[in-house]
Amino acid sequence: MGAEGIGARVKRKEDKRFITGLGKYTDDVELPRATHAAFVRSEHAHARIGGIDASAAKAMPGVVDVLTGDQLVADGIGNLICGWAISSKDGSPMNMGAYRALEHEIVRHVGQAIAVVIAETDSQARDAAEAVSVSYEELPAVASVEDALKAGAPQLHPEAAGNLIYDWEIGDKAAVDSALSGAAHVTRMEITNNRLAPNAMEPRAALASYDPAEEHYTLYTTSQNPHVARLVLSAFYAVAPEHKLRVIAPDVGGGFGSKIYIYPEEIVCLWASKKIGGRPVKWTAQRAESFVTDAHGRDHVTVAEMAFDADNKIIGFKVNTKANFGAYMSLFSSCVPTYLYATLLSGQYNIPAIYCDVQAVYTNTVPVDAYRGAGRPEATYVVERMMETAARELGVDPTDLRAKNFIQEFPHQTPVIMCYDAGGYDAHMAAAKEAIDYAGFPARKAEAASRGKLRGIGTSCYIEACGIAPSAAVGSLGAGVGLWESAEVRVNPVGTIEILTGSHSHGQSHETTFAQVVADRLGVPIDTVAIVHGDTDKVQFGMGTYGSRSGAVGMSAIVKAMEKVEAKAKKIAAHLLEADEGDIVIENGEFKVAGTDQAKTMTDIGLAAYTAHNLPEGMEPGLKEGAFYDPTNFTFPAGTYMCEVEIDPATGQTEIVNFVAADDFGTIINPMVVEGQVHGGLVQGIGQALLENAVYDDSGQLLSGSYMDYCMPRADDVPSFEVRHTTTVCPGNPLGMKGCGEAGAIGSPPAVINAVTDAIGNNDLSMPATPEKVWSAIGAAGMPQAAE
Amino acid sequence: MATVSMTVNGKAVQATVEDRTLLVDLLRETLGLTGTHVGCDTSQCGACVIHMNGRAVKACTKLAAQAEGADITTIEGLATDGALHPMQEAFREHHGLQCGFCTPGMIMSAVEMIDRLGSDIDEATIREQLEGNICRCTGYHNIVKAIQSAAGQMGSNA
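Here the protein sequences line up with chains B and F, keeping their order.
Residues in the first sequence are numbered consecutively from 1, following the working numbering.
Residues in the second sequence are numbered consecutively from 1001, following the working numbering.
Since the hints were made in silico from the structure, they are not lab data.
Among the hints, erroneous ones may be present.
What the hints assert, rightly or not - As a list, the in silico DSS-like pairs of lysine-lysine whose alpha-carbon atoms are at most 30 Å apart: (1) Lys24(B) / Lys1011(F); (2) Lys11(B) / Lys1145(F); (3) Lys24(B) / Lys404(B); (4) Lys445(B) / Lys433(B); (5) Lys13(B) / Lys173(B); (6) Lys150(B) / Lys568(B); (7) Lys433(B) / Lys1145(F); (8) Lys313(B) / Lys1145(F); (9) Lys16(B) / Lys58(B); (10) Lys1011(F) / Lys445(B); (11) Lys244(B) / Lys624(B); (12) Lys13(B) / Lys1145(F); (13) Lys568(B) / Lys592(B); (14) Lys1145(F) / Lys275(B); (15) Lys453(B) / Lys1011(F); (16) Lys560(B) / Lys571(B); (17) Lys404(B) / Lys16(B); (18) Lys592(B) / Lys570(B); (19) Lys1062(F) / Lys445(B); (20) Lys453(B) / Lys773(B); (21) Lys1062(F) / Lys24(B); (22) Lys16(B) / Lys1145(F).
Unchecked claim - The calculated label-pair distances, taken between Cβ atoms and stated as ranges, are: (23) Thr1080(F) / Lys11(B): 16 to 24 Å; (24) Ser766(B) / Thr1042(F): 48 to 56 Å; (25) Glu190(B) / Glu1131(F): 50 to 58 Å; (26) Gly1155(F) / Glu409(B): 37 to 45 Å; (27) Glu1123(F) / Gly761(B): 38 to 46 Å; (28) Gly1152(F) / Asp211(B): 33 to 41 Å; (29) Asp697(B) / Ala1002(F): 52 to 60 Å; (30) Asn1053(F) / Pro212(B): 30 to 38 Å; (31) Val585(B) / Thr1042(F): 57 to 65 Å; (32) Glu1128(F) / Glu190(B): 46 to 54 Å; (33) Thr1042(F) / Asp172(B): 30 to 38 Å.
Built from N, CA and C at the ideal position, the CB exists for glycine as well.
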């Protein structure tokens, strides 16, 4: 592999600018004569707008203009779209209500943008936004899916009767019903997956600039996928044609899904820059705005039934899920509780029959979309709470029940579309049990009891589908885009290398790991390899980074382009060395005639390619190749997570005393980076399990809308982790990679809750398991609540 | 408007700003020191931590005028003569950062933590002391390792 190749713990190239304060995030970018935007936002969850009076605001110091939604509509700016079409059971298309970037008629969630103030300074813009007077006629609001589906519930969109967006199904209902009726045991649970606010630490921002001379726009923005942003802004919102719009996503401070989508603010800043004559318009969210505008995650209410035969084998699984979509359909919202959720309900288990139906529902809350894991955490939470609860009901060890039902042979076709290509589930189960000393748990529990503490252990065996995804397959399932990736390899005349990628790094370390792939192939130092990304003027096209796809898809595209470059370079080397092309090997940055000391360096090859003085007959000058890689299948990372907790029965306070993650990610490029991804995912999952909750009251007001009341995990809320890897190579892509970005957030919530419920002897517990809920559940289980 | 004078990263600076201008805005907008970040509006996240007269301070919670006469160090001023501070080195060595947005505040808090509590600091204390700094990427695991490692370095250099 070499010191910097695949598998090496290489320190990150990108770190220097971040640790010295020289990172360049969107809000750090300055353009001459820039103005500042502040949005006027709805204070009501549901209201008809009677009028918008901006006269006082327009007269305030520094105000350039105040723009409203009727002007946006008049200028032909299109409504926001959802890019994945889902049909209901009866074949009818999904019921999508109109979503305007600025709403001037009916607002449907607190925080919805109504008008924008453009001013000379940020403070002036915010002051003037306060002075814009909006008259509202309040309408009844609804925040929960249960309430939104009731007869007589407030109706959000005329297009969606009963607030129902779709009623979708997958699987064989008759087969599952038959399994349930003939089962030796049925485990039934009602399971809620709590709503989360993504909270990337860098708030969303946009800096838009219109050049009247060229009729050209430039947008700096906090995006995980700048090319998709440009495509959508052009094709659907009619802001500008693609060749007249450059989108740059510079350093981006975390995404977790929330920066995939194209939000109203980016559209408005672009449109406003032209509207005011071409001065740049800058907007950076305050955290309070992030809470009421960034797409939230999760928010499912589920009823599940799992059927077992007399040998404790699963024979059927039935799931009904109601998914809260919020007030509008966000860009990829529709695929999250369907093809990213129900298709993973087989977990790591051999289940002959699965049926799931999903009702997607409008409510007067912030739109919900993909958040780290996106559907797969919700599926894993259902499957793994069911498995743990079933084991307790059946009186068997939860790890034994899982192992008994593990899929052992691959490829394995599940009843819900997915065909698992490779895995080794016993291996990561064994690794996790060893790491946590599973056998020693009873003694630790007894010791904790002697101190008056309740100790519990919980397991979670997750599977996810990553490497999203074969374009034709997702197209047949309703996706509006293909999900391939592109790469271009440029060898410069001096032999240094630039990799242009459609993937985007917002913390994932691509500048290092992508260079490692090149170093591994050529034997050159990673310092001679630059990774270029995040600018539609530099990289021709790309689908961006989400769904743990940048390794399995993005790096595969780089490999394909590298193969082309290497093939041409070998021809040049053979020509220069007067050797046979088939005898050329690449070692330590040199092209050698195998078995001899004859060699040409990368610099020799680069110079030859670009001087073109002495190339093989008919060869074009230059050394630059591109490739598009379309995956052949999803990839299937899987693992076993085990969590051990101690609970103080007097307070209900949970402490995680041990957490072990054993993952199979296939080939790992940089273990240091992969472990970092796991750590971060684990804490987001632990946050969901114990701390985080986006809570709405019945009137649609977000009660946890700041860091004062939305409990972000702090360093002293979580432990250090034991992270292990087992490996089955993914057969579907050239590097054998599966993806690691979301696993931690997917696998950890059920491990934590299974541990807490084990400790307190009560399965009736919902996330987040706050001390108050845990304390009450201890009482309900009839256990003493105060240490004696 | 108020005219404020202070020392920032060893240089005397003077600026005339609105009375309500926050120290973080003076640093970012007037002085162009954009390494100090703003991640929240309620003084919780700690992305804006700088040193003011040797103490870790959230620059979003101070008016620029309150820093009159103060000695300010930002992340840009932590390295000396081109040599990274041991805490900066440790964050890189232990992969204590991913997206980098919380990193300047984390490093500034961590340096002051060790200055205040000494290099013989245990994991539990480090975690407790990081209460005012939120990271969404790393799960804190490697940040804690980095701080422990740098604490040893800072101690041996003392």
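Quick rundown of the hints versus the structure:
1. For the hint pairing lysine 24(B) with lysine 1011(F), the CA-to-CA distance comes to about 23 Å; that is within 30 Å, so the pair holds.
2. Distance hint between lysine 11(B) and lysine 1145(F) is fulfilled; the C-alpha atoms sit about 15 Å from each other, no more than 30 Å.
3. Pair hint lysine 24(B) plus lysine 404(B) does not hold up; C-alpha atoms about 52 Å apart against a cutoff of 30 Å.
4. Proposed proximity of lysine 445(B) and lysine 433(B) is supported: the alpha carbons are some 16 Å apart, at most 30 Å.
5. For a cut-off of 30 Å, the pair hint linking lysine 13(B) to lysine 173(B) is broken: about 52 Å separates their Cα positions.
6. Restraint check for lysine 150(B) and lysine 568(B): not satisfied, since their Cα atoms lie roughly 66 Å apart, outside the 30 Å limit.
7. For the suggested pair lysine 433(B) and lysine 1145(F), the alpha carbons sit about 25 Å apart, so the restraint of at most 30 Å is met.
8. Straight-line distance between C-alpha atoms of lysine 313(B) and lysine 1145(F) comes to about 44 Å, which puts the hinted pair past the 30 Å bound.
9. For the given pair, lysine 16(B) sits about 44 Å from lysine 58(B) by alpha-carbon distance, which is inconsistent with the 30 Å threshold.
10. Restraint check for lysine 1011(F) and lysine 445(B): the C-alpha separation of about 59 Å exceeds 30 Å, so the hint is violated.
11. Only pairs whose Cα atoms come within 30 Å are accepted, and lysine 244(B) paired with lysine 624(B) is accepted, the gap being roughly 26 Å.
12. The suggested pairing of lysine 13(B) with lysine 1145(F) holds, with an alpha-carbon distance near 20 Å, which does not exceed 30 Å.
13. Restraint check for lysine 568(B) and lysine 592(B): the C-alpha separation of about 14 Å stays at or below 30 Å, so the hint holds.
14. Of the pairs offered as hints, the one joining lysine 1145(F) and lysine 275(B) is violated, with about 51 Å between alpha carbons and a cut-off of 30 Å exceeded.
15. This hinted pair does not check out: lysine 453(B) and lysine 1011(F) have alpha carbons roughly 55 Å apart, beyond 30 Å.
16. Between lysine 560(B) and lysine 571(B) the alpha-carbon distance is near 17 Å, which keeps this suggested pair within the 30 Å criterion.
17. A C-alpha spacing of about 49 Å is found between lysine 404(B) and lysine 16(B), which places the hinted pair above 30 Å, so the restraint is violated.
18. Between lysine 592(B) and lysine 570(B) the CA atoms are separated by roughly 9 Å; this keeps the pair inside 30 Å, and the hint holds.
19. Proximity of lysine 1062(F) to lysine 445(B) is assessed by CA-CA distance (about 48 Å); at most 30 Å being required, the pair is judged violated.
20. For the given pair, lysine 453(B) sits about 17 Å from lysine 773(B) by alpha-carbon distance, which is consistent with the 30 Å threshold.
21. With a CA separation close to 24 Å, the supplied pair lysine 1062(F) and lysine 24(B) stays within the 30 Å bound.
22. This hinted pair checks out: lysine 16(B) and lysine 1145(F) have alpha carbons roughly 18 Å apart, not beyond 30 Å.
23. Against the hinted window of 16 to 24 Å, the Cβ-Cβ separation of threonine 1080(F) and lysine 11(B) comes to about 21 Å, which satisfies the hint.
24. Restraint check, serine 766(B) to threonine 1042(F): a C-beta distance of roughly 27 Å breaks the suggested window 48 to 56 Å.
25. About 36 Å separates the C-beta atoms of glutamate 190(B) and glutamate 1131(F), a value inconsistent with the hinted range of 50 to 58 Å.
26. One distance hint, 37 to 45 Å for the beta-carbon pair glycine 1155(F) and glutamate 409(B), is violated here, with the actual separation near 56 Å.
27. Between glutamate 1123(F) and glycine 761(B) the beta carbons are some 31 Å apart, a value that contradicts the proposed interval 38 to 46 Å.
28. As the Cβ distance of glycine 1152(F) to aspartate 211(B) is approximately 54 Å, the hint placing it in 33 to 41 Å is violated.
29. Distance hint for aspartate 697(B) and alanine 1002(F): a CB-CB separation of about 41 Å, inconsistent with the stated range 52 to 60 Å.
30. As the Cβ distance of asparagine 1053(F) to proline 212(B) is approximately 49 Å, the hint placing it in 30 to 38 Å is violated.
31. Under the hint 57 to 65 Å, the C-beta atoms of valine 585(B) and threonine 1042(F), about 60 Å apart, fit the expected range.
32. A beta carbon spacing of about 37 Å between glutamate 1128(F) and glutamate 190(B) contradicts the range 46 to 54 Å that was offered as a hint.
33. Threonine 1042(F) and aspartate 172(B) have their C-beta atoms about 51 Å apart, which leaves the hinted 30 to 38 Å range violated.
Checked against the numbered hints given earlier, this structure breaks hints 3, 5, 6, 8, 9, 10, 14, 15, 17, 19, 24, 25, 26, 27, 28, 29, 30, 32, 33; the rest are met.
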